[in-house]
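Residue numbers (my numbering), protein chains in the order written: chain A, 702 to 939; chain B, 702 to 939.
In short, the hints are calculated from the structure, not lab data.
Take these hints with a grain of salt, some might be off.
Claimed, not checked - Here are the computed lysine-lysine pairs in the DSSO-like style, where the Cα-Cα straight-line distance is at most 27 Å: (1) 819(B) / 785(B); (2) 727(B) / 785(A); (3) 785(A) / 819(A); (4) 727(A) / 785(B).
Protein chains: 2
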Amino acid sequence: MELFYSSDIISDTVRLDREESGHCVKVLRHRVGDAVEVIDGEGGLMHCTLVDADPREAVLRVDSREDDWGALPYHLTLGVCPTKNLDRFEWAVEKATEFGADAIVPLIGDRSERRVFKPERARRIALSAAKQSLKARIPTIPDARPVRDFLAETRGLQLIACCFDGSDWQRVSMRAALESAPGATEVAVLIGPEGDFSPEEVAAAREAGFIPVHLGSSRLRTETAAVAAASFVYYHFL
Amino acid sequence: MELFYSSDIISDTVRLDREESGHCVKVLRHRVGDAVEVIDGEGGLMHCTLVDADPREAVLRVDSREDDWGALPYHLTLGVCPTKNLDRFEWAVEKATEFGADAIVPLIGDRSERRVFKPERARRIALSAAKQSLKARIPTIPDARPVRDFLAETRGLQLIACCFDGSDWQRVSMRAALESAPGATEVAVLIGPEGDFSPEEVAAAREAGFIPVHLGSSRLRTETAAVAAASFVYYHFL
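Starting from the given sequences, assemble the full structure and let the hints guide the process.
Structure below.
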């Protein structure tokens, strides 16, 4: 099954952009009358018929539409500090999308080596990974913001992965945290930079209702920790 | 914490090869008398003292030794068909190592596009990932073999991930399979090539005692499925 993406949907007419049109008409050689599936990136899958096989702007007619197509039974927001090596972060975006993350928020932590992040490439990777893994919803990747600004933006079960315990608190495993809130379908997980979160950031997160968690005894790279968090939530709802 | 690796350990004398010696003496600037941690790749961690800071062949004295250091409470064998794009397979080797795989066996399936695989690069990646994630045991990566030859090599809970059900059998989720065998600490998971396993391969695997499993509704790439399987087992024992 091949999915196309369009943001140009007016009533029952869908237009594909140049890249998607070329892939549809030149690469996959679709012809007028062919059935083609298109996602709107917000959960909608449209069963369409190709009516104009223009390789620069293909036009399709919507025959039927399904909402929340391919949706998983939870809403996962990952707040992740982008790694110094951007390839590793972009790899995490691809994999977290495959594991059903709904939002991947680039964060700048007190100890982040990368303090500037441009999300355009990551957004293209998320779009491609969503189509490949059969999802009609593409994870949102907003502009980067400081960890502290992000703390007020999340709801539901809020977890912060860090590598240390406090004098008056101890981390629980992410599994224990997920299983302690069986009804929670809205989950947010914070993943820090290579140098971890600062004690002040974890204190602010606990203040905001986040539960400090560990991801086990293996020392995971930042991008592996982000994918681990996404795969753990995916598995928890499997 | 920084780990070094040596295969040249005679009684209480450890020699580092040229690469590890350079990293120890030139990059990290260790001097005679410094405490240095060395793994033997088979579960042993040696607390050593640097006695000869030769940047081509550093020599260390073993002060004490810990067996099964950093070991996880399970033994995971991943049988994975290498992807056409080797970078993706090597990425899976790095991440599966971080998630504690003990053996990563390259398999050639009926539908494998890649029918030849040289394990040298993957072995170097596994070594580096084991040191980075604080493990004294480096996953073994044997030479590639056909899927059918591998079926007789595994023990314990044996799972095969595939994308179809049979006429007289249905896949269960990998979570259901793991939870159906709470006592099993020896787990083997088979991950097929881009084109999935053939019905004949799955039949042979079922014959050999493998349980067909699915990894959820998301269509995961081969390398993502391999990392998913490793992360699911890691989470199951978290």
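Here's how the hints hold up against the structure:
no.: 1; hint: 819(B) / 785(B); in the structure: 13 Å, holds
no.: 2; hint: 727(B) / 785(A); in the structure: 23 Å, holds
no.: 3; hint: 785(A) / 819(A); in the structure: 13 Å, holds
no.: 4; hint: 727(A) / 785(B); in the structure: 23 Å, holds
In this structure, none of the earlier numbered hints is contradicted; all agree with it.
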